[in-house]
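Take the two lone chains, each set in its own frame, and fit them into one complex as the hints suggest.
Each chain is listed here by its residues.
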Amino acid sequence: MKEPNKISAKEITPPATYFNRRKFIETGILAASAVATGIVYRTLNHPAAGKVKTAKLAGLTTATTNAADGFRVDEAQTSFDNITHYNNFYEFSTDKEGVASAAANFDTKGWTVSVEGLVRKPKVFALDDLLKISPPEERIYRMRCVEAWSMVIPWAGFSLSKLIDVVEPTDDAKYVAFETLLDTARMPGQRSGVLDWPYVEGLRMDEAMHPLTLLASGIYGNALPPQDGAPLRLVVPWKYGFKGIKSIVKIKLVATQPRMTWNEAAPNEYGFFANVNPEVDHPRWSQATEQRIGESGRRPTLPFNGYAEQVAHLYSGMDLRKIF
Amino acid sequence: MTEKNLRFAKLLVLVNAAVPATLLAWDAWHHKLGANPVNFAIRTTGMLALIFLVLTLAVTPLRKLTGLNWIIFSRRTLGLYAFFYACLHFLIFFSMDRGFNVSGTLSEMVRRKYLIVGSIALFVMIPLAVTSTNAMIKRLGGKRWRALHRLAYVAAIAGVIHYYMQVKADVRQPLAFAAVLGVLLGYRLVEFWRQRKPAPASAAAKPKPGA
Chain A
1 MKEPNKISAK
11 EITPPATYFN
21 RRKFIETGIL
31 AASAVATGIV
41 YRTLNHPAAG
51 KVKTAKLAGL
61 TTATTNAADG
71 FRVDEAQTSF
81 DNITHYNNFY
91 EFSTDKEGVA
101 SAAANFDTKG
111 WTVSVEGLVR
121 KPKVFALDDL
131 LKISPPEERI
141 YRMRCVEAWS
151 MVIPWAGFSL
161 SKLIDVVEPT
171 DDAKYVAFET
181 LLDTARMPGQ
191 RSGVLDWPYV
201 EGLRMDEAMH
211 PLTLLASGIY
221 GNALPPQDGA
231 PLRLVVPWKY
241 GFKGIKSIVK
251 IKLVATQPRM
261 TWNEAAPNEY
271 GFFANVNPEV
281 DHPRWSQATE
291 QRIGESGRRP
301 TLPFNGYAEQ
311 VAHLYSGMDL
321 RKIF
Chain B
325 MTEKNLRFAK
335 LLVLVNAAVP
345 ATLLAWDAWH
355 HKLGANPVNF
365 AIRTTGMLAL
375 IFLVLTLAVT
385 PLRKLTGLNW
395 IIFSRRTLGL
405 YAFFYACLHF
415 LIFFSMDRGF
425 NVSGTLSEMV
435 RRKYLIVGSI
445 ALFVMIPLAV
455 TSTNAMIKRL
465 GGKRWRALHR
475 LAYVAAIAGV
485 IHYYMQVKAD
495 VRQPLAFAAV
505 LGVLLGYRLV
515 EFWRQRKPAP
525 ASAAAKPKPG
535 A
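If you read the sequences in order, they're chains A and B. For reference, each letter of the first sequence is one residue, going 1 to 324 in our numbering. For reference, each letter of the second sequence is one residue, going 325 to 535 in our numbering.
Keep in mind that the hints are not guaranteed to be accurate.
What the hints assert, rightly or not - So these bits of chain B aren't anywhere near chain A, every CB distance computed over 12 Å:
no., residue
1, Trp394
2, Arg399
3, Arg463
To be verified - Within a straight-line C-alpha distance of at most 30 Å, the following computed DSS-like cross-link-like pairs (lysine-lysine) qualify:
no., chain 1, residue 1, chain 2, residue 2
4, B, Lys356, A, Lys322
5, A, Lys250, A, Lys56
6, A, Lys10, B, Lys492
7, B, Lys356, A, Lys250
8, A, Lys56, B, Lys462
9, B, Lys492, A, Lys252
10, B, Lys356, A, Lys53
11, B, Lys492, A, Lys322
12, A, Lys6, B, Lys328
13, B, Lys328, A, Lys23
14, B, Lys492, A, Lys51
If you're looking for bench data, these hints aren't it; they were derived computationally from the structure. Glycine residues also receive a C-beta, built at the ideal position from the N, C-alpha and C atoms.
Pulled out of the complex, with its shape left as it was, chain B reads as follows (with noise of 0.2 Å):
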C-alpha cells in the first residue's frame, strides 16, 4: 500500500461514512422523512451508530484474519463516525422529541431503563473520541491507550441492549446485531485466551490460592 493509495482509501471512508447522514439531511430538509420523521431520524441515527460500531470492532479481526494490515487506518475514522452519529441520536431525541426540555429530558432518561443503558453507551464513547488523536494515543501509551479503548464493547454492547429493550416484539433486527457482535467479541476472547496459552509453565503466571 503506497502512501497516496493509503491517502486515497482514508478519503473513500471518510466520504462514504457521511453519505447517510447527507441523505438524512437531504430527506428531512425536502420532507420525505415519512409519517414521523422525527422517530425516522432517530431510529435511522441510532442504527447507523450501531453499525459503525460493530463495523469499528470488525477492523482488528479482519486485518488478523486477512493479514492487510493497511487496513488499520480506517479504524478511528469508523469509531469516530459511530460517535458522530450516536450524538445525533441524542441530539435529535432531545431537541426535536423532548423540545430541549433539559429537566424534562433527564427526568425522562432516569425512569427509563433503554434510556439509561443508550445513555451509558454515547457516555463512554466520550473519553474513546477525545483521546483518538494520535497526540493522545503518544501521552497515555499504547498499553494504557488499548485498555481504555477496549470500552468500545461496552459501548457496542450497551447499544444493542439499548436496540433491544425498546423493541415491542419484533426482536429479529437487534438479534442479528447482538450475533454480530457476539462472533467479533468471541474472537477476541479466543485470541486472548490462545495468546495466554503457551505462558503457564512459568510458575509466576499461576494464581496461588488464597493469595
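Just chain A, same shape as in the assembly (with noise of 0.2 Å):
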C-alpha cells in the first residue's frame, strides 16, 4: 500500500534553499518598500524645476544714468532658473516652489489696465498701448523678501511716473492704489481664504514718482513669465518684495492712504510703508541679514535695502521703528 501523506525525500526543500529563499523574498520587499517610501518623499517634498520660455522684449535698453542713481547694482546677479522657481504668489500657491507649475498656463491674451481715479485723462489701457508709453529699460536692483532672503534681478520696464504724468493727476491724488487680477479660474490660489483677494498695494505720491520705482513688464531682456508677475507688475526696490504687486489690472490715483493686502492680514507685522529696515524686526523674525538666493551663509540687510543715498529724504522726520 502506498501512504498518501508521505513525502519523498527529494520534495522537501532543502534548508539551504528555504533560507535562500526567504532571503530573496525579503531583499525583495525591502527593496520594494524603500523605493515605495522614497516615491512619496519625491512627491510630496521636491523643489521647483523645469524649463520656462517668453517672449523676447523688443527694443530693450540700458538705462543711460549711471550707477549712482541706484538703476544697475553691480552684483552678482541671481539665475534666471531661480528667479523663476522661487516665488511667493499666493494667486497661484503658498508654495514658493509650487508657483512655477501652477501658474505656467496663465493666460494673459487681452489684459487691460485701468488707470484712474483722480486723474484729468483716465483711460483703460490694453496692455501693449501701455507698454509703448516708454521703451524698455533694464534696471538691475536688488530684492528683499520680508521672509530674510534676497535676489539681484535684472528687470526690463520704465519708470511708473511714466504712466502717471500720461493719466494727468489733480492736485487732490496723494497716495496711488494698485489690485491684482481677480480670477479664481485663472488664478486657482484665489479659492483659498489664505488672504483677502484680490491682492492690493499702495504708494504715497512721491515714492510712486520715484525713478526708481519701477513699472516692470520683463526680466532678463524677455516677458515676465506668469510666475514673476506677468504681464504687468510693480518693482520698489527699497521696500520690502510683497509692495511689489503682481499682474496689475488697475492703477486708481487716490486722496488717502489705501488698502493694503498683507497689511489687513496682520497689521502688527507689515506696515504700509514697509522699507527694508535691518533696525526693526518683524515681530517673529530678525531682518538684520538675509540669505542671498545662490550664496552660502547669510549677509547683513542694508537700510532701504541699500537705496539710502537714492530715497532716505523721503522718509525725514518719520520714525520708521513706529512707521514702518
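Here it is as C-alpha cells:
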C-alpha cells in the first residue's frame, strides 16, 4: 500500500534553498518598500524645476543713467532659473516652489490696465498701448523679501512716473492704489481664504513718482513669466518684496492712504511703508541679515535695501520704528 | 508573529525611515534642493521630525484598536527617528544658516518665540532618547519610564506650535498636523477617563474637599 501523506525525501525543499528563498523575498520587499517610500518623499517634497520660456522684449535699452542712481546694482545676478522657481505669489500657490508649475498656463491675452481716480485723463489701456509709453529699460535691482531672503534681478520696464504723467493726476491725488487681477479660474490660489482677494497695494505719491519705482514687464530681457507677475508688475527696490504687486489690472490715484492686503492680514507685522530696515525686526524673525539666493551663509541687510542715498530723504522726520 | 518575521519588520522600519534622509543628502550633494537649499533642508527635516513624532504617537492607539500587539516594536525606532530628524533640523539651522555662531544662535533663539518653543520640543526629546534602551527601561521601572515618556506629548505639541508660529498666512498644514495630533492625544484622554470610571465606588479615590 502507498502512504498518501508521505512526502518523498526529494520533494522536501532543502534548508539551504528555503532560507535563500526567504532572504530573496525579504530583500525584494525591503527594496520595493524603500523605493515606494522614496517615491512618496519625492512626490510630496520636491524643489521646483522645469524650463521657462517667454518672448524676447523688443527695443530693450540699458538705462542711460549711471550706477549712482541705483538703476544698476553691481552685484552677481540671481540665475533666471532661481528667479522663476522661487516665488511668493499666493494667487497660484503658497508654496514658493510650487508657483512656477501652478502658474505655467496663465493666459494674459487681452490684458487691460485701468488707470483712474483723481486724474484728468483716465484710461483703460490695452497692455500693448501701455507698454508703448516708453521703451523698456534694463534695471538691475536688489529684491529683499520680508521673509529674509533676497535676489538681484535684471528687470525690464520703465518708471511708473511716466505712466502717471500720461493720465495727469489732479492736485488731490496723494496716493496710488494698485490691484491684482481677481479670477479664481485663472488664479486658483484665490479659491482659498489665505488672503483677502484681490491683492491690493499702495504707494505715497512721492514714492510712486520716484524714478527707481518701476513698472516692470520683463526679466533678463524677456517678457515676465507668469510666476513673476505677468504681464505687468510693480517693483519698489527699497521696500520689502510684497509691496511689488503683480499682474496689475487697476491703478487708481486717490486722496487717502489706500488699503494693502498684507497689512490687513497682520497689521502688527506688515506696515504701509514696509521699507527694508535691518533695525526693525519682523515680530517673529530678525531682519538684520538675509539669505541671498545662490549664496551660502547670510549677508547683512542694508537700510532701504542699499538705496538709502536715493530714497532716505522721502522719510526724513518720520520715526521708521513706529511707522514701518 | 514569528521571531524571524518580527526581526524583518524591524529592519523594514529602520530602512524606510532612513530613506528621506538619504534622498535629502543625495539631493544636497547634487545641488538639487532648489533656490534656497538651506531653507529647503531645514523645512524638510522639521517636517520629518513632526511626521515621525505623530507616527510614534499613533502606534499605541493603532495597537489597541487593531489588536496587533506586535506593532509596538516599531515605537522606539520611530521615536528615535523623530529625535534624529529634529537634531538634523537644528544642526542644519545652526551650521548652514547661523554659520556655527553660538552666541548669534543663542540670542536669536531667546528673542524669537517660535525658536523657544522649538527648542523645548527638541530638549524634552533628549531624555527620551537617552532612556530608550531596554536597560534603561529596566532601571527606571515600567511605571516611571512610562511617566517620563509622556514627554513625547509635550514634544509633539511644542513641535506643531513651533511650525504654526512661523507660517505667514497659510496655516492649513500646521493645522492638519494639529488635528491629527488632537485625535491621537484625544484617544489617550478618553482611554484614561474610561479606565478611571469603574473605580469611583472606592471612597479612597474620592478627593476630599480642602485636602
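Worksheet entry | Numbers of the earlier hints that this structure fails to satisfy, in rising order | 4, 6, 7 and 8
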